[in-house]
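> Protein chains in written order, with my numbering: chain G, -7 to 214; chain H, 59 to 316.
It cannot be assumed that every hint is accurate.
[Claimed, not checked] Stretch-level coverage of chain H by chain G, calculated; a stretch enters the list once three of its residues show a Cβ under 8 Å from a Cβ in chain G:
1) 228 to 234
2) 271 to 283
[To be verified] Computed spacing ranges between beta-carbons, pair by pair:
3) G/D95 to H/N152: 37 to 43 Å
4) G/F109 to H/V316: 33 to 39 Å
5) G/N88 to H/V172: 22 to 28 Å
6) H/G198 to G/V96: 32 to 38 Å
7) G/V114 to H/A220: 49 to 55 Å
8) G/N88 to H/G198: 51 to 57 Å
9) H/Y187 to G/H115: 46 to 52 Å
Read the hints as simulated data drawn from the structure, not as lab findings.
Note that beta-carbon positions come from the ideal geometry of N, C-alpha and C, so glycine has one too.
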Amino acid sequence: MGWLLESLNSSLGKKFIMAVTGICLILFLIIHLINNLTLFLGPEVFNNVVKNLETIKPLVRVVEVILLLIFIFHIFNGIRLWIENRQARPERYAVNGSSKNADVFSRTMVQTGSVIFVFLVVHLQTFWYAFNFGSPLTDLHKYYEFVADSFKSYAYSGFYIAAMIILGVHLNHGFQSAFQTFGWNHKKYFSFIKILGAVYSIIMAVGFGSIPVYFLFFYGGN
Amino acid sequence: MSDGRINLKLKIWKQSGPNFPGSFADFEVQVSPDASFLEMLDELNNDLESKGLEPVAFESDCREGICGTCGLVINGQPHGPIPKIATCQLHMRNFKDEDTIWVEPFRAKAFPVVKDLIVKRSAFDKIMYAGGFVSVNTGGVPDANAILIPKEKAAESFDAAACIGCGACVAACKNASAMLFVSAKVSQFALLPQGQPERYERVQKMVKVMDDLGFGSCTNTYACEAECPKGISVRNIARMNRDYFVAKVKSANLEVEV
């Protein structure tokens, strides 16, 4: 197994871990978004979806543990790469010319990633905790009402919307970057992959972001 | 401005040796817009020497963009603001009268400063020693077309081989990563039949040495490609990644010996 660890610890191996875990998270977000969008179908549908998930709880738990491991690997490796990459240039340039040769998405992965991490903690602490360990509303299976109630706050919704835009920025680079890391950069198809990544990122940012926007501005009448 | 010459303020990195702290020194020059960047530094040095002052140390050799010796970071960009040229091919007409120009050495842990603007780039040589060659007995002259190579493959390999090893990719990369250089050297052999026997051992060895020398990893910002004086494509990095993972999966060797 020594060769495997050594390979994964090489500069290319660490990138490979980032790419594999990144792709897993990209796929997870699609499922998460589909689940969330059932909110727009009304309280009955959404509450039923969550209740149905309750019936397959053991499976959900397994998936959650796998997801946790993926997140840990992604975050741990990202921070490790950031530290090592900074050490590779001990003395910084007086003039930072990076805006002239690289786009803002690729240069800010650690910053956008950090914001997403803070978001993740807040998100798990409020929704995941309440859905799994109970709260006055979720105990009555009123999950929809719990979501609606949470997004009443301008500050909370604003944070969610901002975090989702940042998530889009992070994904836009991550998507095409994963393909490059795997070595799938083909003259013909890579521009398509970049566009696909941009479309995916916009769908994720708009899709997830639309939920707090909806509850903040359009739901209040009920 | 007199007879078309432009006045420039230069902020040049001065450092007396590898283990000394450096700082920027201010200079003012009046230079012809037709002069190259290195000629401008020559003039500055002539002037400094005539006054009995120490000249600015910088490296240059061919001065026609093919040797890769001259490498300066000009206003934050390796080889200056014009794409696909080396510092020696940069002309002062690209600057305006009264501009301030910051001149710094390539900065990377693996490229320690020797003096002022000169950095030691023997890290690249060490990577080349690890696998940047084809070890075959050449024997007699082969017959023409004895080994068939499609034109496109030969051209792609040549594009990778156009790398002059100047180190601008390392200088441009926010992680001081040498991926573009190494991938170009891996690719020029990986694309040709002569490189096949050692293809997968080569990539493992070169990557190992690259890592050991303290270069960073790749964030796929593609800054290297943007600043490369020879326009080496980041598709070479993708090829290197591919070959590396294939090598790791298929190779029977448990340890990479360099």
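> So, for every hint listed, does it hold in this structure?
Hint check results:
| no. | hint | in the structure |
| --- | --- | --- |
| 1 | 228 to 234 | holds (count 4) |
| 2 | 271 to 283 | holds (count 10) |
| 3 | G/D95 to H/N152: 37 to 43 Å | violated (23 Å) |
| 4 | G/F109 to H/V316: 33 to 39 Å | holds (38 Å) |
| 5 | G/N88 to H/V172: 22 to 28 Å | holds (24 Å) |
| 6 | H/G198 to G/V96: 32 to 38 Å | violated (57 Å) |
| 7 | G/V114 to H/A220: 49 to 55 Å | holds (50 Å) |
| 8 | G/N88 to H/G198: 51 to 57 Å | holds (55 Å) |
| 9 | H/Y187 to G/H115: 46 to 52 Å | holds (51 Å) |
Taken one by one, the earlier hints fail for this structure at numbers 3 and 6, listed in ascending order.
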